[in-house]
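Could you build all of it, start to finish, from the sequences and the hints given here?
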Amino acid sequence: MTYKLFKDPLGKNDAGVILDGHTAIPFDPANVDYQEYLKWIAAGNTPTPADTPNA
Amino acid sequence: MAYGTVNADVIGTSVAGSNLGAGNASTLKNRIINGAMVIDQRNAGASVTPTDGAYTLDRYQINASQASKLTVQQNAGSVTPPVGFKNYLGITSTSAYSVSSSDYFGLTQYIEGFNTSDLMFGTANAKTVTLSFQVYSSLTGTFGGALQNSGRSRTYPFSYTISSANTWTSISITISGDTTGTWVGATNGVGMSVVFGLGMGSTYSGTAGSWASSPYFSSTGATSVVGTNGATFYITGVQLEVGSSATGFEYRQYGTELALCQRYYWKITSVDDGGSTRYVCWGSGSAYSSTQADICIPLKVDMRVAPTVSYGGNIYLQGSFGSTTVSSIGTNYGGRQLVFVRFNTSGMTAGQGLITFTGSAAGTDFLAGSAEL
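Listed in order, the protein sequences are those of chains A and B.
So for the first sequence, the numbering used here puts the first residue at 210; every next one is plus one.
So for the second sequence, the numbering used here puts the first residue at 3; every next one is plus one.
Read the hints as simulated data drawn from the structure, not as lab findings.
Small disclaimer: the values here were computed from a predicted structure and weren't measured.
All residues carry an ideal CB built from backbone N, CA and C; glycine is no exception.
Keep in mind that a hint or two might mislead.
With a straight-line Cα cutoff of 27 Å, these simulated DSSO-like cross-link-like pairs (lysine-lysine) come out [to be verified]:
(1) A/LYS216 with B/LYS302
(2) B/LYS129 with B/LYS31
(3) B/LYS88 with B/LYS129
(4) B/LYS31 with B/LYS302
(5) A/LYS248 with A/LYS213
(6) A/LYS248 with A/LYS216
(7) A/LYS213 with B/LYS269
(8) A/LYS221 with A/LYS248
(9) B/LYS269 with A/LYS216
According to the in silico footprint, chain A covers these stretches of chain B (three or more CB under 8 Å from chain A) [as the list claims (entries may be wrong)]:
(10) 304–317
(11) 368–374
What follows is the structure, given as structure tokens:
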């Protein structure tokens, strides 16, 4: 399982994560996939940083 | 200017005033979505071996503390559904697994708070509800389940009996509304959940017929479906309604039921037109660069939350550059009404317009959005 961050449309803040290249999860607190990502982070894992904005 | 006379006596003469707001309307009375097991967007009738937390038929999640102990399929075993139904959710045990105290196997539907807040659980005005369903099993005995709040700090284990194997049995369970505890109100969170136990350890089993403050998923001593290899558990006609007795099942038009499901999940895939599958167009956009395509996808209905967007198999982008295959998904600026997704690919020129297709493999070439509870 790999998570990679992506930036918001302005390229400033992290706006979500890509799971294994095929699943895009927005940072919506009520999204259960985002909640699972937070558990993964809480377990000590680190996501791949986002690409350079709009690269 | 006179507009005529308003007859203010209608309520008093044709609708008993005491019934207003009683939640006993004859339409949209069922708080369960897909109670007749008609919608199966994810698997289209195929058998699956779900992992813990996976959704099967629309709105139904499998809870499984151990992997590969059961399969789920719409109309598994092809038995004749009960009168009035065409579909059922079929569970088949794939081993004779002896559940430990901490094991759990169940089938759950989470109900959104917007659809349960009128039940007034957690207050002195909590309403009595009745859960009804049709069930068929190769096993006989006492089975169980539970009604739960979102935090599972308030649970009501229930039990029911299947006396005849391989026979559809009508079950009705009346539950007095919980007057205490914390229940989510009119929000998009979990208002309550209904669980059907398929094999529950003692940690998650409680005394049937009363409210408890423990995370119970079923009743003590309930039959374990996963405990018998090949055992079947089929269910349909699931209804949760206000009142102390079960009324007739609320049949909904297919389009209505599908739309209700699509608030939580949608899937776009090719369609089998009697032996010939075809590509399905699902959006349009433009090339942001030679390797990135931006696509806006209007959602079919307002989703519960900004959805997770995923794809499987092959999806294609087509424009004046020809056709190219998506290699990965790059962003998802999700909203509840529309999502904006960037796909990674190659061979385009910035600014080119494009349209999007799923491949022709029904079910495996797809785009999906999930906002499940």
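Each hint, compared with the structure:
At roughly 26 Å between alpha-carbon atoms, A/LYS216 and B/LYS302 fall within 27 Å of each other, so this suggested pair holds. As the CA atoms of B/LYS129 and B/LYS31 are separated by approximately 13 Å, the hinted pair is consistent with the 27 Å bound. Note on B/LYS88 and B/LYS129: the hinted pairing is violated, with a Cα-Cα distance of about 31 Å set against a maximum of 27 Å. Of the supplied pair hints, the one linking B/LYS31 and B/LYS302 holds, its CA atoms being roughly 23 Å apart against a limit of 27 Å.
For a cut-off of 27 Å, the pair hint linking A/LYS248 to A/LYS213 stands: about 15 Å separates their Cα positions. Of the supplied pair hints, the one linking A/LYS248 and A/LYS216 holds, its CA atoms being roughly 20 Å apart against a limit of 27 Å. The hinted pair formed by A/LYS213 and B/LYS269 meets the criterion: a straight-line CA distance of about 24 Å does not exceed 27 Å. Restraint check for A/LYS221 and A/LYS248: the C-alpha separation of about 24 Å stays at or below 27 Å, so the hint holds.
Pair hint B/LYS269 plus A/LYS216 holds up; C-alpha atoms about 26 Å apart against a cutoff of 27 Å. With a cut-off of 8 Å between beta carbons, the stretch 304–317 of chain B has 9 residues touching chain A; three or more are needed, and the interface restraint holds. Evaluation of the coverage hint for the stretch 368–374 of chain B: fulfilled, as 3 residues show C-beta separations to chain A shorter than 8 Å, against a requirement of three.
Hint compliance for this structure: hint 3 alone is broken.
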